[in-house]
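Peer 1: Spelled out from the first residue to the last, the chains are:
2 protein chains.
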Amino acid sequence: MDFDADLPQHLERHLAAFLTEAGASVRAAQPAFGSGVDTLTGFVLGGGKRLRPTFAWWAWRGAGGDPHGPDAEGVLRAVASLELVQACALIHDDLIDSSDSRRGRPTVHVSYAREHRANGWLGAPETFGLAASVLIGDLALAWADDMFNSAPLPAATLDAARPAWRAMRTEVLAGQYLDVRTQATGDTSPEAALRVSRLKTAAYTVQRPLHLGAALAGADEQRIATLREFGDDLGVAFQLRDDLLGVFGDPSVTGKPAGDDLREGKRTLLVALGLQLAEDTEQHKLIADAIGADLADDEVDRVRRTLTEVGAVDAVEQRITALTGTALAALERASLAEPAATRLAELAELATQRTF
Amino acid sequence: MDFDADLPQHLERHLAAFLTEAGASVRAAQPAFGSGVDTLTGFVLGGGKRLRPTFAWWAWRGAGGDPHGPDAEGVLRAVASLELVQACALIHDDLIDSSDSRRGRPTVHVSYAREHRANGWLGAPETFGLAASVLIGDLALAWADDMFNSAPLPAATLDAARPAWRAMRTEVLAGQYLDVRTQATGDTSPEAALRVSRLKTAAYTVQRPLHLGAALAGADEQRIATLREFGDDLGVAFQLRDDLLGVFGDPSVTGKPAGDDLREGKRTLLVALGLQLAEDTEQHKLIADAIGADLADDEVDRVRRTLTEVGAVDAVEQRITALTGTALAALERASLAEPAATRLAELAELATQRTF
Numbered sequence: 001m002d003f004d005a006d007l008p009q010h011l012e013r014h015l016a017a018f019l020t021e022a023g024a025s026v027r028a029a030q031p032a033f034g035s036g037v038d039t040l041t042g043f044v045l046g047g048g049k050r051l052r053p054t055f056a057w058w059a060w061r062g063a064g065g066d067p068h069g070p071d072a073e074g075v076l077r078a079v080a081s082l083e084l085v086q087a088c089a090l091i092h093d094d095l096i097d098s099s100d101s102r103r104g105r106p107t108v109h110v111s112y113a114r115e116h117r118a119n120g121w122l123g124a125p126e127t128f129g130l131a132a133s134v135l136i137g138d139l140a141l142a143w144a145d146d147m148f149n150s151a152p153l154p155a156a157t158l159d160a161a162r163p164a165w166r167a168m169r170t171e172v173l174a175g176q177y178l179d180v181r182t183q184a185t186g187d188t189s190p191e192a193a194l195r196v197s198r199l200k201t202a203a204y205t206v207q208r209p210l211h212l213g214a215a216l217a218g219a220d221e222q223r224i225a226t227l228r229e230f231g232d233d234l235g236v237a238f239q240l241r242d243d244l245l246g247v248f249g250d251p252s253v254t255g256k257p258a259g260d261d262l263r264e265g266k267r268t269l270l271v272a273l274g275l276q277l278a279e280d281t282e283q284h285k286l287i288a289d290a291i292g293a294d295l296a297d298d299e300v301d302r303v304r305r306t307l308t309e310v311g312a313v314d315a316v317e318q319r320i321t322a323l324t325g326t327a328l329a330a331l332e333r334a335s336l337a338e339p340a341a342t343r344l345a346e347l348a349e350l351a352t353q354r355t356f
Numbered sequence: 001m002d003f004d005a006d007l008p009q010h011l012e013r014h015l016a017a018f019l020t021e022a023g024a025s026v027r028a029a030q031p032a033f034g035s036g037v038d039t040l041t042g043f044v045l046g047g048g049k050r051l052r053p054t055f056a057w058w059a060w061r062g063a064g065g066d067p068h069g070p071d072a073e074g075v076l077r078a079v080a081s082l083e084l085v086q087a088c089a090l091i092h093d094d095l096i097d098s099s100d101s102r103r104g105r106p107t108v109h110v111s112y113a114r115e116h117r118a119n120g121w122l123g124a125p126e127t128f129g130l131a132a133s134v135l136i137g138d139l140a141l142a143w144a145d146d147m148f149n150s151a152p153l154p155a156a157t158l159d160a161a162r163p164a165w166r167a168m169r170t171e172v173l174a175g176q177y178l179d180v181r182t183q184a185t186g187d188t189s190p191e192a193a194l195r196v197s198r199l200k201t202a203a204y205t206v207q208r209p210l211h212l213g214a215a216l217a218g219a220d221e222q223r224i225a226t227l228r229e230f231g232d233d234l235g236v237a238f239q240l241r242d243d244l245l246g247v248f249g250d251p252s253v254t255g256k257p258a259g260d261d262l263r264e265g266k267r268t269l270l271v272a273l274g275l276q277l278a279e280d281t282e283q284h285k286l287i288a289d290a291i292g293a294d295l296a297d298d299e300v301d302r303v304r305r306t307l308t309e310v311g312a313v314d315a316v317e318q319r320i321t322a323l324t325g326t327a328l329a330a331l332e333r334a335s336l337a338e339p340a341a342t343r344l345a346e347l348a349e350l351a352t353q354r355t356f
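Protein sequence lines, in the order shown, are assigned to chains D and P. Just so we're aligned: 228 in the numbering used here is position 228 of the first sequence, and the numbers increase by one with no gaps anywhere. Just so we're aligned: 201 in the numbering used here is position 201 of the second sequence, and the numbers increase by one with no gaps anywhere.
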C-alpha cells in the first residue's frame, strides 16, 4: 500500500471504516437514528478535497513519519478525523448562511426541510431542517473526537498532538463567531477581513493540520513553530485566492454562480481594499451597495471592473505572491524530509494559483 | 476536602478552573471571541443540578473509588465535563424549540438576538441569535471532550471509560433527533414516547453517567450491566415524573408556566396514555387539540382534569412506582460500597418523588 501516492483513497478508507463502525452500534440500538447516520455518512464520503488531512499527513511525513512503520495506519485515522470536524463546520455554516446547495447537492438543512414537506409532517419544514442539521453537525463533532481518540497510536503520541487538536477546534469556532459578528457590525476594514481569514482559513485549514501532523511525528517546538509560519502565510494566501475566485471565478469551473461572494455579503479583503482604495468616490458607493445585494449578471460585471480599476485586484494578487514567497521560505527553513518538502511546496502552489 | 459532602461545589471548582484555563488562551489569541467564552462560562456556572456528574461520582465511589486516593481530583474533572455536554444539549435544544427562557434568564439565542437589536446591527437579529447559539453550543461540545481527555488520570483509566463517554454523546443526539422526528410525524403512541424517554433521559442522564463512573473505578462488565439496569429504570421513572410536573407542576415551584409541556406540544407518555385510554371520545379530542395549542389557564385545567379522569395520571404514577422498585432492586444487586449505595437510593427517591 502506497499511502503517499494514494492518500485521498486511504483517508476515505479510514473515514468509511469509522463511519461504518460508529454507525453500526447506533443502528443496532436505535434504528430511528439510522437516517441521521446515513446523512452524515453521505455528506462525509460524498466529496471534499481532503485538504486538512493532506496537510497533516505531509507534515507527519516531513517530520520523520514512516509510511511503512507501525504508526502509519493510526496516523491516517487520526488525521482523517479532521474531515469530521470539517463536516460539522460546513453543515452548521450552511445553516447559518442559509445556503441552499453544497457540492452540487442540497445542503443538510434544506434536504431535511424537503423531506418534511414531501411527507406533509407537522410543524414548519424549516424548523425541522434547522433541528436536524444542528444535531447532525453535533454528531460530526462528537464523532471527530471519537475517531481521533481511538486512533491506534501510543498514548504519548496522541498526547503530543492534543494541543494542536484542541486549538484547531476552538479556532474554527472563534473564526466563525468573528465572521458572523464582523458581518453584523458592518466592519468593512481590511484588518477585520484579515483577522477572519487568519482564523477560519490560515489557522484551521493549514496551520493546525500541519501542527497536528508534525506533533504526531514527535517534532520539536522549533520545527513546529516554523511549519506554523509556513501555514499562516500560506493559509491567508489560500483564502485571498478564494476571495478572488468568489468574485471573478468562472462558474463553469468553480461550480458557484458568478459573484456569489458579493451576493452573500462576504466581508473579504478584496472588497475591504476596494472600499479603502475607492475612498469617497462613486466607485466606493458602487462597491458598498453591491455587498449582500441581489445583483444581476451585468451588475456583477460592473463591480468586477470597479474592483480592478481601483487597484484592489492587483493589491490582492501582490499579497498572494508575497505571502506565498514568505510561506515557501519558512517551508525551506523547516528542512523537512523528502518527498514531503516537495509535496508541500506543490500544494502551496496549487492552493494559491488554482482556478477552481 | 470532603468531596462526598460538598460534591456540587467541587464539580463547580473544576468547571470554573477548566473554563478559565481554556478561555485564557482563546482570549489572549482572539479577544473578539471573549464574549462567546463569557456566554458559555456564564451558562455553565449559572446553574443546574449537576445531576449527571453526581450519578457518575457515586457510581465511581460505589465501585471502589477512593475520595482520598490519587485519582479523586482527576475523576472530578472527568465527570464534571458531562456538564459541558449538557450545556451543548440545552443551548441547541433551546434554539430548536424556540424557547425564550432557561433558569429564569433569556436563552442564548434570545440574548444574542437582543444584543443585535440593541446595537442596531446589520441583518436579522434572529439570524444572528441562531448563528451565535449554534457556535457556542459547538464550543461546549468541543470543550467537553477537551476537559474529559485532559483529566489527570492514568491513560488506562480514561480508556476504560471511553466506551461510556462515546455512547453517551451519541445517545443524547439520537434522542433529540428521535424527539424532533416523533413530533414531526405526529406519532402519539406510548411506545414512541417511551423510546424518546429511554434515550434522552434514561441513557443520557442516568445510565451512561453511572457507566462512566463505574468504568473509571475499573468495575467489571457484570457490575456495569447491573448499574445500567438501575439507571435505565430510574431514568425512565425520572422522565415520567418530569412529564407529570410539566402538566401538573406548581409554577411557583417548577419555575415554568402551568401546563408548559402541553403548549410546547411535547409527546410525553402521559399524553400518549391519555389519548389511548380516552379512545374515540370527546375526551380524546380535548387532549389531542391541546397538544401544541396556545391554551388559556382554564383550558389547561380542563386538560388536567381529563388526563386524571381517563386514568392516565394513575397509570403514569403506577409506572413510576414500579420502575423505582425494579431500579432499587437492581441497585441492591450491584452491591455497591457505602455510602454510595445509600446516596444513590436517596437520589432515586428524590428524582422520582420531587415536586420541582
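The hints are simulated quantities; they were obtained by calculation from the structure and are not laboratory data. Incorrect hints may appear among the rest.
To be verified - Not close to chain P: a few residues of chain D, all C-beta gaps over 12 Å, as computed:
{"no.": "1", "residue": "2"}
{"no.": "2", "residue": "3"}
{"no.": "3", "residue": "47"}
{"no.": "4", "residue": "115"}
{"no.": "5", "residue": "166"}
{"no.": "6", "residue": "171"}
{"no.": "7", "residue": "174"}
{"no.": "8", "residue": "190"}
{"no.": "9", "residue": "254"}
{"no.": "10", "residue": "314"}
Unchecked claim - Covered by chain P, according to a simulated footprint, are these stretches of chain D (three or more residues, beta-carbon under 8 Å):
{"no.": "11", "segment": "103 to 110"}
{"no.": "12", "segment": "183 to 189"}
What the hints assert, rightly or not - Here are some chain D residues pointing at chain P (derived, C-beta under 7 Å):
{"no.": "13", "residue": "23"}
{"no.": "14", "residue": "26"}
{"no.": "15", "residue": "33"}
{"no.": "16", "residue": "36"}
{"no.": "17", "residue": "135"}
{"no.": "18", "residue": "248"}
{"no.": "19", "residue": "250"}
{"no.": "20", "residue": "251"}
{"no.": "21", "residue": "253"}
Don't be surprised by glycine CBs; every beta carbon is placed ideally from N, CA and C.
Peer 1: When you look at the beta carbon of residue 166 of chain D, is every beta carbon of chain P farther off than 12 Å?
Peer 2: violated, 5 Å
Peer 1: Just want to verify: residue 174 of chain D was marked as not at the interface with chain P; is every Cβ pair farther apart than 12 Å?
Peer 2: violated, 4 Å
Peer 1: For residue 171 of chain D, is the shortest CB-to-CB distance to chain P above 12 Å, so the non-interface label stands?
Peer 2: violated, 8 Å
Peer 1: Confirm or reject: residue 190 of chain D is not an interface residue toward chain P, with every Cβ-Cβ distance exceeding 12 Å.
Peer 2: The claim stands: residue 190 of chain D keeps its Cβ more than 12 Å from every Cβ of chain P (closest is about 16 Å).
Peer 1: Would you check whether residue 251 of chain D satisfies its interface hint, that is, whether its CB is within less than 7 Å of any CB in chain P?
Peer 2: violated, 26 Å
Peer 1: Take a quick look at residue 314 of chain D and tell me if its Cβ sits farther than 12 Å from every Cβ on chain P, holds or violated.
Peer 2: Since the minimum Cβ distance to chain P is about 29 Å, residue 314 of chain D lies beyond 12 Å and the statement holds.
Peer 1: Is the Cβ of residue 115 of chain D more than 12 Å away from each Cβ in chain P?
Peer 2: The claim breaks: residue 115 of chain D does not keep its Cβ more than 12 Å from every Cβ of chain P (closest is about 9 Å).
Peer 1: Please check whether residue 135 of chain D passes as an interface residue: C-beta within 7 Å of a C-beta belonging to chain P.
Peer 2: The hint holds - residue 135 of chain D has a Cβ within 7 Å of chain P, the shortest such distance being about 5 Å.
Peer 1: Beyond 12 Å on every Cβ pair: is that true for residue 3 of chain D relative to chain P?
Peer 2: The assertion about residue 3 of chain D holds, with a minimum of 26 Å to chain P.
Peer 1: Against chain P, run the beta carbon of residue 248 of chain D and see if the smallest gap drops under 7 Å.
Peer 2: violated, 25 Å
Peer 1: Beyond 12 Å from chain P, beta-carbon-wise, is residue 2 of chain D?
Peer 2: holds, 32 Å
Peer 1: With d taken as the least Cβ-Cβ distance between residue 254 of chain D and chain P, does d exceed 12 Å?
Peer 2: Given that every Cβ of chain P is farther than 12 Å from that of residue 254 of chain D, nearest at about 25 Å, it holds.
Against the hints set out earlier in the document, violations occur for numbers 4, 5, 6, 7, 11, 13, 18, 19, 20 and 21.
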